[in-house]
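Model the full assembly from the supplied sequences, consistent with the hints where possible.
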Amino acid sequence: MYIIRDAVVQRGAPQVAMYVPSSSQFYYNVWIHEEEHVQQFGPGRILGDLYNADELRNLLIGISAPTLGQLSALVTDVQYLHLGLQNAVLELRAPYAEREAYQVSDQSDPRYVYQGCGR
Amino acid sequence: MMCVPLLSLPLLLQVGFVDRPVATGPDLDGLFERVLASSLVAVGRVSTMTHAHGPVYVPKEVEEAAKRGEYVSIQLPPGGFVFSVAIERKLCGRSDLVEEAQALEPRGSVIHMFIPHDEKPVRSQRSPGRVNVPEWLIPGREYLLFLQEAGNQQGLVATYGLDPETTYYRTVEGDRGAVALPDAAHPERKYDFTTPLLEAVTTFCEAVKAPDLEAKIQNLRAVREKFPYPAWRESVDTAILNLQMAKIYRERRQGAIPGPRP
Numbered sequence: 001m002y003i004i005r006d007a008v009v010q011r012g013a014p015q016v017a018m019y020v021p022s023s024s025q026f027y028y029n030v031w032i033h034e035e036e037h038v039q040q041f042g043p044g045r046i047l048g049d050l051y052n053a054d055e056l057r058n059l060l061i062g063i064s065a066p067t068l069g070q071l072s073a074l075v076t077d078v079q080y081l082h083l084g085l086q087n088a089v090l091e092l093r094a095p096y097a098e099r100e101a102y103q104v105s106d107q108s109d110p111r112y113v114y115q116g117c118g119r
Numbered sequence: 120m121m122c123v124p125l126l127s128l129p130l131l132l133q134v135g136f137v138d139r140p141v142a143t144g145p146d147l148d149g150l151f152e153r154v155l156a157s158s159l160v161a162v163g164r165v166s167t168m169t170h171a172h173g174p175v176y177v178p179k180e181v182e183e184a185a186k187r188g189e190y191v192s193i194q195l196p197p198g199g200f201v202f203s204v205a206i207e208r209k210l211c212g213r214s215d216l217v218e219e220a221q222a223l224e225p226r227g228s229v230i231h232m233f234i235p236h237d238e239k240p241v242r243s244q245r246s247p248g249r250v251n252v253p254e255w256l257i258p259g260r261e262y263l264l265f266l267q268e269a270g271n272q273q274g275l276v277a278t279y280g281l282d283p284e285t286t287y288y289r290t291v292e293g294d295r296g297a298v299a300l301p302d303a304a305h306p307e308r309k310y311d312f313t314t315p316l317l318e319a320v321t322t323f324c325e326a327v328k329a330p331d332l333e334a335k336i337q338n339l340r341a342v343r344e345k346f347p348y349p350a351w352r353e354s355v356d357t358a359i360l361n362l363q364m365a366k367i368y369r370e371r372r373q374g375a376i377p378g379p380r381p
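Chain order of the listed sequences is A and B. Each residue of the first sequence is one higher than the last, beginning at 1 in my numbering. Each residue of the second sequence is one higher than the last, beginning at 120 in my numbering.
Treat the hints with care, as some may be off.
Just a few of them, taken from the derived set where beta-carbon distance is under 7 Å, the chain A residues facing chain B [stated by the list, open to error]:
#1 Tyr19
#2 Ser72
#3 Val75
#4 Thr76
#5 Val104
Keep in mind the hints are simulated off the structure, nothing from the lab. Glycine residues also receive a C-beta, built at the ideal position from the N, C-alpha and C atoms.
Structure below.
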């Protein structure tokens, strides 16, 4: 019987991809907006409880199986289950997170003709 | 009992926030091309979400290390999510625009979509400057879907351990092809334009579902001014032009009108 005794589970560093040319006058607005999304994954923020490494780690500790192959399969299932649930919650909260981020980025010049803060 | 300490299991974090310019109207750009690329345009409700992954492989040396009580790392096989969608309304599809197109519409009332978890955004081939993000669906919600069969079904089955008897679908142009429709819990927001989008797509589909080319063209002409959006008129005009050309080719094939002189 194999059992997970301990696990090092790490949350990856946030990566921002911007498809806006650096020459655009709105580059800085977009940057502020995306940085706000990064901050939203911090403690106490709207997305801070998602993709929580400790939560996943606690789900994995104690899982047991007769073979290492079966244990690996269980660990894989738990990870994908966790990921799917987190993705679903993120999708539900995304409109609110967007609204928050626009409220920050829309304050900086230049202003768009259509501002998204009212979304 | 063997205790297996796990070393460094990176948490999968593939978060998709895509911010696009604030819309000033429904997303009707390239509607004709998107319907043409769709096996089926439909309204459907997501019933279930499950996960699937490829075979788990444990190298012999890892197994030996685990037996010795050493820290081992479990490699996560490629995986993703399967969504079952109950089709509530079939609107139209490629076979309504191309006479010779095989009816690739799904036979049953439930279709399955598979979305790999680590898929990256890609630049649109149809809309310059647009980046398409993989679609994501929420169980229980209703969507307007532009569906096409996922490419390389056999490869998907082998890589992700999917059911070989099931046909898996994707949307046309990622999240653009899966538009969540408003409901009581998720009312339409100011810049969503989902209701006018659904109305326009439904109108377009009803027009092209007529049984013959001439009727399709007439129907499209009749609805050309129904919506004030430039992208709507452009899509209708493109559809009319393509159907007119199809009509000419057909008549030429049947000998009704002579072909170009050599």
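Each hint tested on the structure:
no. : hint   : result
1   : Tyr19  : 5 Å, holds
2   : Ser72  : 5 Å, holds
3   : Val75  : 5 Å, holds
4   : Thr76  : 6 Å, holds
5   : Val104 : 12 Å, violated
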